[in-house]
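Q: Could you build the full structure based on these sequences and the hints that come with them?
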Amino acid sequence: MTAGHRPRRLAICASHPIQYYSPLFRELARRVELRVFYAHCPSAKDQSAVGFGVEFQWDVDLMSGYQSEFLENVARDVSLEKFSGLNTPSVHDSLKRLNPDAVMLLGWHFRSYIQAITAARRLRIPLLVRGDSQLETPRSWVRRAFKALAYPLALRIFDAALYVGERSKRYWEHYHYPLSRLFFSPHCIDNAWFRQRGTSEAAARFREAQALRETEKIILFVGKLTDKKRPLDLVEAVAVARDRHPSLVVCFAGAGPLSDVVEGRAGELGVPIRMCGFCNQTELPAIYAASTMLVLPSDGGETWGLVANEALACGIPVVLSNACGSAPDLVADGKAGHQFPVGDVAALGDRIEHVLASRPSAEAIRRRSDSYSISAAADGIMQAVDAVVDRA
1 MTAGHRPRRL AICASHPIQY YSPLFRELAR RVELRVFYAH CPSAKDQSAV GFGVEFQWDV
61 DLMSGYQSEF LENVARDVSL EKFSGLNTPS VHDSLKRLNP DAVMLLGWHF RSYIQAITAA
121 RRLRIPLLVR GDSQLETPRS WVRRAFKALA YPLALRIFDA ALYVGERSKR YWEHYHYPLS
181 RLFFSPHCID NAWFRQRGTS EAAARFREAQ ALRETEKIIL FVGKLTDKKR PLDLVEAVAV
241 ARDRHPSLVV CFAGAGPLSD VVEGRAGELG VPIRMCGFCN QTELPAIYAA STMLVLPSDG
301 GETWGLVANE ALACGIPVVL SNACGSAPDL VADGKAGHQF PVGDVAALGD RIEHVLASRP
361 SAEAIRRRSD SYSISAAADG IMQAVDAVVD RA
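So the sequence shown is residues 1 to 392, counted in the working numbering.
Hints are not guaranteed to be accurate.
[Claimed, not checked] Mimicking PhoX-like on lysine-lysine, the simulated pairs with C-alpha atoms at most 25 Å apart in a straight line are:
#	residue 1	residue 2
1	Lys228	Lys169
2	Lys82	Lys228
3	Lys147	Lys169
4	Lys82	Lys45
5	Lys224	Lys82
6	Lys147	Lys228
7	Lys147	Lys224
8	Lys45	Lys224
9	Lys169	Lys335
10	Lys335	Lys217
11	Lys45	Lys228
If you are wondering where the hints come from, they were derived from the structure by calculation, not from laboratory data.
These numbers were taken from a predicted model, which means no experiment stands behind them.
A: This is the structure in structure tokens:
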């Protein structure tokens, strides 16, 4: 409690409503006076433009359980894909009116976020940031050189930084951010929501709908079918693994520019697949529950890969490339899955076969899932808020 015995008042500045963040905001709203300022409310067409490959709206509630408002976005070309696509100068007046104890941003990659930083500094409000940047993300040497010079000073504009995992922490350490101002707020999903829906009955319905026999083992890919996520690596790896495991079937729950390429390559290699297309949130638990494992072969542009958390919540192991931001946290010890060198198709096939031969225990998978929870993420945020307010 602050002076006067009222709860802390926290403002969060976010680009747009995101299915992964709404449960966290609801948990925070139970602990503080929370208001989320959104820079944009995406249309179904906007969702398609960011790589999903289909126009849609999320089929889960993103807005209830916490206070929020949409700022006026005055960008000439509104976009979630470029820095100038979100432009909300009114954030200053909104923060001034709310007078929060602290402001938390979910990055600094939009003009809207820079405007929030400027506003918080002018209003002398402590500033936090939570994000999943990692050094493994491919960058040009020019950009790396610029960051090496600018970031050690620029990042100190934040009074505290919340890292979501080991790679995220390493990012901040690389730029010499003070360790005393770092707080762990793990990347998370609503584990209970997925567990409640990932039942054996739901799995059976999915198998029936896809004409999959009980003897067939589903190797699952969930996500946009884009170059970054390297879906063709999975097709190639399963083609080899099927020599010893002919019951393998690959399910692609996602859409994107590589859909036709993936389908064509699978046909050439004789790999049976199911192209499920874009799957909304309520469809996913059944797909996870029906699967033998999730594979995410992405390159370093995959700063985390929350589909891995979803899979673990539904009780299935995960195989991740070592470039995925979540790999050190979720699978490096081999207890809930395995990692492989990104782009190494032979190694990926080997890890798939290893899981088939020696599946991680349900207890180990659940323990790992529980460690990356909404509650733990909120705990870290509250620790950071308390620290910056006490220092102010």
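Q: Provide an ascending list of the numbers of those earlier hints which the structure does not satisfy.
A: As far as the earlier hints go, only 7 is violated by this structure.
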